[in-house]
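Student: Reconstruct the complex from the two isolated chains, following the hints.
Chains A and B supply the protein sequences, listed in that same order. Sequential numbering of the first sequence, starting at 1, is according to this note's numbering. Sequential numbering of the second sequence, starting at 1, is according to this note's numbering.
No wet-lab data here; the hints were simulated from the structure. Just so you know, even glycine gets a beta-carbon here, dropped at the ideal spot from N, CA and C. There could be a bad hint or two in this list.
Here are the computed lysine-lysine pairs in the BS3-like style, where the Cα-Cα straight-line distance is at most 30 Å [unchecked claim]:
{"no.": "1", "chain 1": "A", "residue 1": "LYS199", "chain 2": "B", "residue 2": "LYS304"}
{"no.": "2", "chain 1": "A", "residue 1": "LYS109", "chain 2": "B", "residue 2": "LYS368"}
{"no.": "3", "chain 1": "A", "residue 1": "LYS71", "chain 2": "B", "residue 2": "LYS44"}
{"no.": "4", "chain 1": "A", "residue 1": "LYS109", "chain 2": "B", "residue 2": "LYS294"}
Here's a subset of chain A near chain B, in silico, CB distances under 8 Å, partners left out [to be verified]:
{"no.": "5", "residue": "MET12"}
{"no.": "6", "residue": "ARG13"}
{"no.": "7", "residue": "LEU17"}
{"no.": "8", "residue": "VAL28"}
{"no.": "9", "residue": "THR80"}
{"no.": "10", "residue": "ASN81"}
{"no.": "11", "residue": "MET84"}
{"no.": "12", "residue": "ASP102"}
{"no.": "13", "residue": "LEU103"}
{"no.": "14", "residue": "PRO125"}
{"no.": "15", "residue": "GLU135"}
{"no.": "16", "residue": "PHE138"}
{"no.": "17", "residue": "GLY164"}
{"no.": "18", "residue": "GLN169"}
Here is how the chains run, residue by residue.
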Amino acid sequence: MPNRREFLNTLMRGGILAALGMLSGALVFRSRDKNSCSYGFDCSRCSKSESCSLPAAIEARQTVWQLDPAKCIQCGRCATNCVMSPSAVKCTHAFAMCGYCDLCGGYFKPGTKALDTAAEHMLCPTNALRRKFIEDPFFEYTIAEELCIGCGKCVKGCSAFGNGSLQLQVHHDRCKNCNECSIARNCPSQAFSRVPANKPSLLKTFGNESPAKVPQKGGVNA
Amino acid sequence: MPKPVCVSPGLTVTPLRKTAGTFMLTASATLLSTMAMAIQRFPKPEFESAYTQPQTQIPLPRGEFLAYLDVFVLFASLCLITWLVLKKRSRFWVFFMSLFSLAYFGFYREGCICSIGAIQNVSLALFDHSFVIPLSVIAFFLLPLVFTLFYGRTFCAGVCPFGAFQDLFAFKPQALGSRLNTVLGIIPYLYLGLAVLFAATGTDFIICRYDPFVGIFRFNASFGMFLFAGILLLSGVFIARPYCRFLCPYGVLLNWTSRFSRKHLSITPKECIQCRLCEHSCPYDAIDVPVTTKSPETRPAMVKKMMMLTILVPFLVLIFGYTGSRLQETFAGVDSRVKLAKEVLALSKMQDAGNKMQDDSYEIKAFKASGKTESQVYSEASAVLKKFYVGGWLFGGFIGLAIALMTGGRMLPVYRTDYVTNKGRCFSCARCTDYCPVKS
Ligand code: SF4
Ligand code: SF4
Ligand code: SF4
Ligand code: SF4
Numbered sequence: 001m002p003n004r005r006e007f008l009n010t011l012m013r014g015g016i017l018a019a020l021g022m023l024s025g026a027l028v029f030r031s032r033d034k035n036s037c038s039y040g041f042d043c044s045r046c047s048k049s050e051s052c053s054l055p056a057a058i059e060a061r062q063t064v065w066q067l068d069p070a071k072c073i074q075c076g077r078c079a080t081n082c083v084m085s086p087s088a089v090k091c092t093h094a095f096a097m098c099g100y101c102d103l104c105g106g107y108f109k110p111g112t113k114a115l116d117t118a119a120e121h122m123l124c125p126t127n128a129l130r131r132k133f134i135e136d137p138f139f140e141y142t143i144a145e146e147l148c149i150g151c152g153k154c155v156k157g158c159s160a161f162g163n164g165s166l167q168l169q170v171h172h173d174r175c176k177n178c179n180e181c182s183i184a185r186n187c188p189s190q191a192f193s194r195v196p197a198n199k200p201s202l203l204k205t206f207g208n209e210s211p212a213k214v215p216q217k218g219g220v221n222a
Numbered sequence: 001m002p003k004p005v006c007v008s009p010g011l012t013v014t015p016l017r018k019t020a021g022t023f024m025l026t027a028s029a030t031l032l033s034t035m036a037m038a039i040q041r042f043p044k045p046e047f048e049s050a051y052t053q054p055q056t057q058i059p060l061p062r063g064e065f066l067a068y069l070d071v072f073v074l075f076a077s078l079c080l081i082t083w084l085v086l087k088k089r090s091r092f093w094v095f096f097m098s099l100f101s102l103a104y105f106g107f108y109r110e111g112c113i114c115s116i117g118a119i120q121n122v123s124l125a126l127f128d129h130s131f132v133i134p135l136s137v138i139a140f141f142l143l144p145l146v147f148t149l150f151y152g153r154t155f156c157a158g159v160c161p162f163g164a165f166q167d168l169f170a171f172k173p174q175a176l177g178s179r180l181n182t183v184l185g186i187i188p189y190l191y192l193g194l195a196v197l198f199a200a201t202g203t204d205f206i207i208c209r210y211d212p213f214v215g216i217f218r219f220n221a222s223f224g225m226f227l228f229a230g231i232l233l234l235s236g237v238f239i240a241r242p243y244c245r246f247l248c249p250y251g252v253l254l255n256w257t258s259r260f261s262r263k264h265l266s267i268t269p270k271e272c273i274q275c276r277l278c279e280h281s282c283p284y285d286a287i288d289v290p291v292t293t294k295s296p297e298t299r300p301a302m303v304k305k306m307m308m309l310t311i312l313v314p315f316l317v318l319i320f321g322y323t324g325s326r327l328q329e330t331f332a333g334v335d336s337r338v339k340l341a342k343e344v345l346a347l348s349k350m351q352d353a354g355n356k357m358q359d360d361s362y363e364i365k366a367f368k369a370s371g372k373t374e375s376q377v378y379s380e381a382s383a384v385l386k387k388f389y390v391g392g393w394l395f396g397g398f399i400g401l402a403i404a405l406m407t408g409g410r411m412l413p414v415y416r417t418d419y420v421t422n423k424g425r426c427f428s429c430a431r432c433t434d435y436c437p438v439k440s
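Just chain B, with the same shape it has in the complex (with noise of 0.2 Å):
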C-alpha cells in the first residue's frame, strides 16, 4: 500500500484507500488497454492477385548538415556586422545586413533557431541528463554573447531577426526619460528568470511560446499572437525596439558582456568636439550626455550611500528570494505533471466519497492508459514542486539582486567630458555615427 504523501503544504495527496483486488483489476485492465496497440485481430493477407504491398514512407527531416550551415552564416553574419560597424562606421550597410538577417533567420529559417530561445535549451540541458542538446544550438547561444565581449552588441545591430524587423518600424522615436527606461529595463530581468526556471524544470519553453514574431515569419499564428505582434510593432513606431529594450531575455545577458567589451562602436571617429549634434539621433536613448558638473558629494556623503548599498543588496535579494519561494505552488501549477496530480487527486477523492464517475478527461484517460501507479504520479509531482521551491529563490533572489543593482547604479555620481554610447544599452546600429562632423 503506497505511503501518504505530501506534495505540498496545500496538496496533501490521501493514500489509496482501495482494496488490493481492485488494485490488481485496474493493473490489469491498464495493462490490456497500453497493449491494444499490438493486438493483431485479423490475419495478415494472402493475395492471390499480383497486388504487391506498397511501402509505408514518411518524409525525412530536414538535412542534418543545414543545422551546420546555419551556424556558419551566423558566424559569418557576426563577422560582416562587426566590421560593417567598427571599421566602416557605416549605418547604410548596416540596414542592408540586417535586411539579409531579416530575410535568412526570419524569413527563411522562420525565426528557429534563434539564439534567444537557446538560453532554455541550455538550462534544460544543464538540468536534465538526458536532454541531448544539439551543437548547432550551443553554438547559437554562445557565438552572439563571444562577438559582444569583445564588440559590443552588433549581433543586435544587423543579426537578430527580431531587432531587423523592430528596426524598421523606428520612424517617429520618442525620447522616454532615464526613469521610465530603468523601470521598464526590469522586465527583461524578469522575462529571463522566469523562462530559466520553467526551462530548467522541464516545465515549458514560454520564450518559444509567447514570442510574437515567430507567428509572422511563418504566416501563421493565432489570433492573440498576432494581436500581441501587432501591437509591439505598432509601438515601435514611437518607442522604438519595445521587445530588445523591455522584454528580450538575451538582451540581458548581452547588456552585461556588452559593459566589458573591449572595443564598442562610438559615436565620433576622433574626438568629441561637444557640438551636440548626436543628442537625439540615438531612437533607444543609449546615448549618454556629458555629465561635467562634479557632484559637490563629500566623502561621509559616499560613504552613507555605500553602506546603504552593502545592506540593500542582501536585503532585497533575501526579501524577493522569499517571495519567490512562496510563489512555489502557483509556478509549479503550470507544470503537466503536477497538474494530473492534481487531477488524480480529485478523482480517488470523488472515488473514495462513492460518487459517481464523470467522463474522464483526456489527461485521466491517458494516465490510466499508461499504468502507472497513483504514487508514482504523487511523487514525480511533489519532486516538481521542490524543484520549483529552490528555483523560485533563486529566482526571487536574481530579480531582488538586479533591482539593487540598479538603484544603486542610479545612486553612484557620473561624470563624463563626451557624448558617449551607453555601452549596455546600445545596439551598435551606427545611426549616431551619421550626425557625428567629425570624419575620420
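Here chain A stands alone, though its shape is the one from the complex (with noise of 0.2 Å):
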C-alpha cells in the first residue's frame, strides 16, 4: 500500500515537473518568437525601430517604466497616484529644445504681466522651477528635483505657448519599478509602458536633433 502511494506520487511529481519545465521553455521563446514582431526583429525595415522596446529588451531581459512625454496630456495624475510620496515623476528639462525666452509659458501664470521672480506669478506650487538670466533676451530654467511633484503645471504651459522642453519623466533613483505601476493603470492617455533598462528615458526631440538623453547614474539636471 505504501509503495503504491509512493509511486503515483512520483509520478505525479514528475508531471508537475514536467508541467512547469514546459511552462519555463515557453515563457523564455515566448517572447523571443519572431511572430511577436511583424518583421520577425528585423529592425532594419521598421519605422518604429526607434521608439520600439522589442529586441532591446529581449537582450537586456530588464524592463523598467517609463512615460511618453508625446503621449502625456498633463491631467495632474502623475503628482497624485506614484506609491511614491513625492512622486517618482518629475519634470525633466531637455535643454537642447528650450528657446530660452523671457516669457516662459512654464514659469509664468497665464496673464502675468511683471515678468520677475514673485512667487506669485508662478505656475509651479513648490517653487521648482527657477529662473536665471543669462543675455538679453535669455533666460535658462532649471529644475530644483527635490522640489517637484511631478504635478506638469510647469510642462502643460510650455508645450501649450512654448517649445515643449519642459517634459515629464519617471526618474528611476526614486522608482521602485512596481510590478505594476499606479500612474500607469491610471493615465488617461496609456502614456506609460515598460521600456528596457539600458533604454530607460522617452525624452522627446526635435526631429533632427541628437537626443537630448545623457542619463547617469544619480544624475541631476546640471
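Tutor: Dropping the structure here:
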C-alpha cells in the first residue's frame, strides 16, 4: 500500500516537473518568438525601430517603467498616483529644445504682466522651477528636482505656449519599478509602458536633433 | 462609415451619426493636438556670451546585474532553509533565516520582486506576445515551486518575506477547527483565479494592487492599505499567518506541489510514540492527528460516495463556469479600455441628442488627442469583453473544481496511526520538531 502511494506521488511529481519545465520553456521562447514582431526583428525595415522596445528588451531582459511625453496630456495624476510621495515622476528639461524665452509658458501663470521671480506669478506650486538670466533676451530654466512633485503644470504651459522642452519623466533613482506601475493603471492617455532598462528615457527631441538624453547614475539637471 | 459594433448584449454601440465632413475636421484637429509636442515655436537661441548649454541628465535605473543577484540570493536562501528544516530540524535557525529574508526581500528589496506577484507576469506573458518577461521574474516564479516539489514548503518557512513578517506576530494562535479552515481556504483559490484572469487580459495586477505588506516595507502606503495591513498583522496574533492561509494565491500552487513532495519535514525524526506532546504545537492547524478507528463504511456506501463525486465535479464546474461567464461584464467593467468605450459612447450619444458639451474628462481629452477613431475604441473594448467571456468560464470552472475537490476530500475516509504534518498546509516552520521527545 505505501509503495503504491509512493509510486503515484513520484508520477505526479514527474508530471508537475514536466509541466513547470514546459511553462518556463514557453515563457523564455515566447517573447523571442519572431511572430511577436511583424518584421521578425529585422529592425532596419521597421519605421518604429526608434521607439520599439522589443529587441532591446529581449537582449536586456529587464524592463523599467517610463512615460512617453508625446502621449502625456498633463492630467496631474502622475503627482497623485505614484506609490511614492512625492512622486517618482518629475519634470525634466530637455535644454536642447528650449527657446530660453523671457516670457516662459512653463514658468509664469498665464496673463502675468511683470516678468519677475515673485512667487505669486509662478506656475509651479513648489517653486521648483528656477529662472536665471543668461544674456539679453535669454533666460535659463532649471528644475530643483528635490522640490518637483511631478504635477506637470509647467509641462502643460510649456507645451501649450512654448517649445515643449519641459517634459515629465519617471526618475529611476526614486522609482521602485513596481511590478505594475500604479500611475500607468490610471494614466488616461496610456502614456506609460515598460521600456528596456538600458534605454530608460523617452525624452522627446525635435526630429533632426541628437537626443537630449545623457542618462547618468545619480545625475541631475546640471 | 463604421458599422455598428456589438460590444456586448448590454452595451450596444450605435454607429457614428456624423457627416463625413465633421469627421474629417475632428481628425485633422486631433492630428494637430498630437503634434503639439514637437512644435518649435521659438528658435534655438544663439548665445553670444560664453554660456554653454547644460546637458539633460536623468538617473539610470538600478543595475541589471542586481536582478540576477536577487535570483542568486533567492536560490541560496532556498538551499539554506531547506537544509535547516530537513537536516538541522532547528526552529531556532529557521527563525533567524526568516529574519534575514524579511530584511533582504522585505525591507531592502521592498517586497518587489516577489514570487507571489510573479504569477501575474507569467500569466500576462503567456497571453500577450508583446510583453517581455525578464528571466529573473521567471526564476522567482519557478524556483520556490521546484524546491517545494522536492522538499515541501520550505520557501514559506523562511524565504518569503510576507510569511516571515506574519510569523513574528503569532503569539497566541488559536485552533480554528477543520471546517472553518476548509471554508476559508477557498478564498486563495478565488484570489488566484481573479489574479490570473485580470493579468492575462492585461487589465490589472490585483496581487500587487492589494498587497498589504509592501506599503510597510516601503514605509509608504495609503491609509486604507495601512489599515488592512494592521488588521492582518493584529489578527495574526490569534489566527497565525492569516495572509498565508486564507489569501495567498501562490500558496495554492505551493500547497498542491507540496502534496507530492519527495521529502517533507516530519514531526519526529524516527518513529512516533503517540505521546501527544506535539498535538497543539502547530500554530497553523497543520498537524493531522491519528485516526485509528477504521471507518465502518461498507463497500456499497463507498461506491455510492464515489458516484456522487463523479457527478458533483462536472456539475459544480459547469455551474460555476456559467456563473463566471455571466460575470463577464462586471469583470470587464474595471478594464480601462472598456471604461473608455463607455465614456466615448456616452459622449457621442450626448452629442447626437444635441446636448451641450460638458467639460471633457481626462480620458476623453486623451482620446481626442490620440487620433483614434470611435470604432477603434469600441472594437478594442469588445475584444476585451470577449476575453472576459472565455476567461469567466475558465475562472468559474476552476473555482467549481476547487470546491468539488475540497468537498470530495472531506468525504473520503482517512486512516493514519501517527501524528503527521499535513503536507499541503504545513509551512515547514519546524516548531513542532521541538516538541517531539524522540531525538535522533
Ligand atoms: S498620468 Fe499620464 S497623462 Fe497624466 S500627467 Fe502622468 S503621464 Fe501625463
Ligand atoms: S510645475 Fe509641477 S512638474 Fe513643473 S517643476 Fe513644478 S512641481 Fe515639477
Ligand atoms: S513604478 Fe511605482 S514608483 Fe515608479 S512611477 Fe510607477 S508608481 Fe511610481
Ligand atoms: S503562503 Fe504565501 S505569503 Fe505565506 S509564506 Fe507562503 S508564499 Fe509567502
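Student: Does each hint hold? Answer for all of them.
Tutor: Now the hints, each set against the structure:
no., hint, result
1, LYS199(A) - LYS304(B), "violated (64 Å)"
2, LYS109(A) - LYS368(B), "holds (26 Å)"
3, LYS71(A) - LYS44(B), "holds (24 Å)"
4, LYS109(A) - LYS294(B), "violated (85 Å)"
5, MET12, "holds (4 Å)"
6, ARG13, "holds (5 Å)"
7, LEU17, "holds (6 Å)"
8, VAL28, "holds (7 Å)"
9, THR80, "violated (11 Å)"
10, ASN81, "violated (11 Å)"
11, MET84, "holds (6 Å)"
12, ASP102, "violated (10 Å)"
13, LEU103, "violated (10 Å)"
14, PRO125, "violated (19 Å)"
15, GLU135, "holds (5 Å)"
16, PHE138, "holds (5 Å)"
17, GLY164, "holds (5 Å)"
18, GLN169, "holds (6 Å)"
Going down the numbered hints, you'll see the structure goes against 1, 4, 9, 10, 12, 13 and 14, while the others check out.
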